[in-house]
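Chains as they are written, first to last, in the UniProt record's numbering: chain A, 1 to 99; chain B, 1 to 1007.
It is worth saying that the hints were derived from the structure and are not from the lab.
Just so we're clear, the structure is a prediction, and the values are computed from it rather than from any experiment.
Heads up, the beta-carbon is just placed ideally off N, CA and C, and yes, glycines get one too.
The reader is advised that the hints may include incorrect statements.
[Unchecked claim] According to the in silico footprint, chain A covers these stretches of chain B (three or more CB under 8 Å from chain A):
hint : segment
1    : 746 to 754
2    : 896 to 905
3    : 967 to 977
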Amino acid sequence: MLLIHCPYCEEMREEEEFSPAGQAHIERPLQPEDISDEQWAHYLFFRKNPRGLHHEMWLHAAGCRKYFNATRNTATYEIMETYKMGQAPRVTANEEGQS
Amino acid sequence: MSQVNRIAGSSKRINRNRTLTFSFNGKEYQGFEGDTVASALLANGVDVVGRSFKYSRPRGIITSDSQEPNAIFQVGSTQATTIPNPRATQTDLYQGLTASSTNGWPNVDFDLMGTVGKLGGSMMPPGFYYKTFMFPQSLWMSYEHLIRKGAGLGASPQQNDPDSYDKMHHHCDVMIVGGGPAGLAAALSAAQTGARVIISDEQNEFGGSLLCSTQSIDGQLPSQWVEKTVAQLSDMDNVMLLPRSTVFGYYDHNLVGINERRTDHLGEHQLQSTRQRVHKVRAKQVILATGAHERPLVYGNNDVPGCMLANAVSTYINRYDVVPGKQLVLMTTNDNAYKTAIDWHQTGRKVVAIVDTRAASNGDLVNKVKKLGIDIFFGHGVIEVKGSKRVKGVDVAPINATNHSVTGPAKHLACDTVASSGGWSPVIHLSSHTGSRPVWNEEIAGFVPGATVQQQHSCGGLEGIYALSNVLSNGFATGAIAAQAAGKGDGSYVGKAPKTSDPQEDASMALFHIPHSKKTSRAPKQFVDYQNDVTAAGIELANREGFESIEHVKRYTALGFGTDQGKLGNINGMAITAKSLGKTIPETGTTIFRPMYTPTTFGALAGADVKHLFDPARFSAMHKWHLEHGAEFEDVGQWKRPWYFPQPGETMQQSLERECLATRNSVGILDASTLGKIDIQGKDAREFLNRVYTNPWSKLGVGKCRYGVMCKEDGMVFDDGVTACLDENRFIMTTTTGGAAGVLQWLELWHQTEWPELEVYFSTVTDHWSTMTISGPNSRKVLEKICDVDVSSDNFKYMDWIEATVAGVKARVFRISFTGELSFEINVQANYGMQTWKAVMAAGEEFNITPYGTETMHILRAEKGFIIVGQDTDGSVTPQDLDMDWVVGKKKEFSFIGKRSWTRFDNKRDDRKQMVGLKPKDPTFVLPEGAQIVFEKNQSIPMKMVGHVTSSYYSACMGYSFALAVVKGGISRKGESVFLPLSDGTTVEAEICSPVFYDPKGDRQHV
Ligand SMILES: [Zn+2]
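If we strip away everything but chain A, and leave its shape as in the complex, we get (with noise of 0.2 Å):
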């Protein structure tokens, strides 16, 4: 059972109080129409699964109901950093020299 911290609420709250939203910074393709079906494809079901450092989206859902970002590592479940949606990650894998 995770300690999250909502970077909105500026609190740790209990794991039970979040729902995971999958991986984080996907952005939608700005012309979808303009794309091919390969990469359309990459957009809709290719997602990441590392050993280590993953940037992921949580909901505060029994709380501010709002959406952010973890960076936790999903072989130690540390979470190291939480930060709003929009921002950019402080820890990424390439800094901590994992691939």
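Assemble the complex: chain A is given as a structure, and chain B with the ligand must be docked to it using the hints.
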């Protein structure tokens, strides 16, 4: 029967003034307050407490703690209070306790399995699970009930648990697991910094190993130091002490789960109190002070009752004044176990011999034993035990541990008890729970906690520190360090560590498996895991068959698969594997322990979260009226919705036909309050709707409604409903009853993550409104009687909404229809719902207004071919598949959600499953929903399935049965026949038709 093994003794841990009567396997015994069931049984000289799983061998008590593999009982006198599988060694005795063996049906002394079935033994070699149970399945079915009945592991209660349970949440600076010397020292030192400390221990009192120790602390009995320390801690406001509290799990981010057994020791079903309480502790720092478990040695017939752990024997003597036998043979690899011989000797009973596997030892304890005149066989092992229901003697022989051989003739010694000690294994279970890999410590021949990402400390026996003075100083130091890490104190212990003097000990020997003069496969069985009857020979066989990873060996042999998770046997099993593969133990690997540390009842985990507190029910404002009018209810999400309103003597089908006909011919009324309602506001609300709905919203005027379909980005329909324009910048969206929360979340997702520049706000208002739909040709006449606005067809058109006063209540009335009839949906503030509903019913009385439920709603909408998302769709259906291209905006500027995906190759196929109507050839036969559809009737199995029935009913209005279905390429197959092979072996025929069965031109809703 008197307590033959209870000696005069001086233990303060039992209260001889309070005799407790209990029964075991139907026979009455007596023990004392402070006893466990195990100590009381041993006091009464009960040797056999169960039968083994596979071989059905008689089994006795081996341990005095959570490792116990054999004394696993069914405790409790009724079907409501019975508890499967508590360990007798951890079950406090109470007056009237009723226990029985879980193994050994029909009774432990007469062995039915052994004499009749002989199911065990040769029929269940290692790998039996893999070879037999995994496939074929039919064999598993025939074996399983026999095995369970013959050797099962307890029975579930057949009646509801009468007890109450609850949960508490805590935050603390330092959580200490284990109240032995290390934990108590750590608690004292951490608490003195002012840190908030919680300390828990699984036993009925704090003290751990000190409760049965004879080693003095500050010149006093160890129990006196415990008493003083616990008193000191109790006096501190910042300390919480939890005895009888097992930490069952250590979870991520320093969450500790504790099960406190509050009344289990008092008896069954305590009316006035909480039986068990789960504490969830989120700790800044966790100190694990879980100590170590003694390891038994593996030798021939080591499961004969009377074979015990050395330390368990000492515990029964020192803590319970129980000597579990008359003549002891002690086998050891270390000095420490010599204590047991001394303890036994001091009771006046005979120590036959000490069998020490080492060549020699000159430690203090060894020399003390020598002075007592006890025989010691150095360089020897107990290679085999004689006896069946009780040890009768042992064969002792010189052994060579290096090449695993017996080097000389065996000598027989008569005895009734064999205590063994192969050293100690730190209790690493909790540190493993969070994924930390234990590391092998050669010096202590045991695993200790490895690196972890938790804020975790460990001390004492868990770290392989066994000498009491070191354990105490390590505890004090660790407590201070943990407190400092939590922001309290400077990291050093300010108090004075108590004085103890530890006996000097010679090195112990890393030996696990005692050789026999015959090779292992032919020697008497040498048990490693008692609960699953895993032997040394079985493990060697697994290794020979190619299972080298310890995790594979586990699964192949079932080593460690019992309710004890192999606490007693795992290390020995790994050592035997390592030896047979010629590897070291760390090379062989470690096994990972997972929660629960010991079995935890479901009641405790559920706490008070049962029934409506677990899954709340939602009721509309008119619920009481529905109850009073005999409604049957259906669960839709958490909502209780009227399903139909049977009148006396009616079958369900008769009710539905009456409700349908009344609605089509006069007027019906539906409580539609549960539909999701989302209030959408903001200057970009309209643009937002354009992006999330498939149809256009740019031109929807104030006072108008529109049906919309939402797709996911993959182009598949996921919700639908009517949205009305309340004002230029304000809309009210309705969603399906079950989809309300998901749709709100969906809208928020897109707004927050993709289009934050749009100014739009979403509020759920589902519960603010009560909604009643009146439907049918007379619905306008009913509304006219109680509405202050002209609702004639000229003034109030189909798909309009108006603000009006209905029965004196301010209302929004929508002229929309889900039945295909003239319909009005009246929305009033929820607290006026009941009043308005009653007024509508009164106004409708002259038209025989008929309440109907969800089932009639489903029939009426299906007659019109209106889909229900989630029933007629399943997340793989596009609007085009539904033949609903009319709901797709062709000129919308923005590439709305789902649009791009419709041009993907797979979504353009002609043979996609498409929504159609089906008319069964037999007009009275109602197709089962979910029935599979085939084009060709006479095919070999497996048939080519081309679709399935999604909705199916009998229509009273049309006089025949009908269905909605998805069929491959169905839209262009209208008029063709399809076949439905049913589960009863029959096949029925149906014709593909338009899904709109009733009033295809839609005249009725427009009147
Ligand atoms: Zn929040």
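Each hint, compared with the structure:
no.	hint	in the structure
1	746 to 754	holds (count 5)
2	896 to 905	holds (count 6)
3	967 to 977	violated (count 0)
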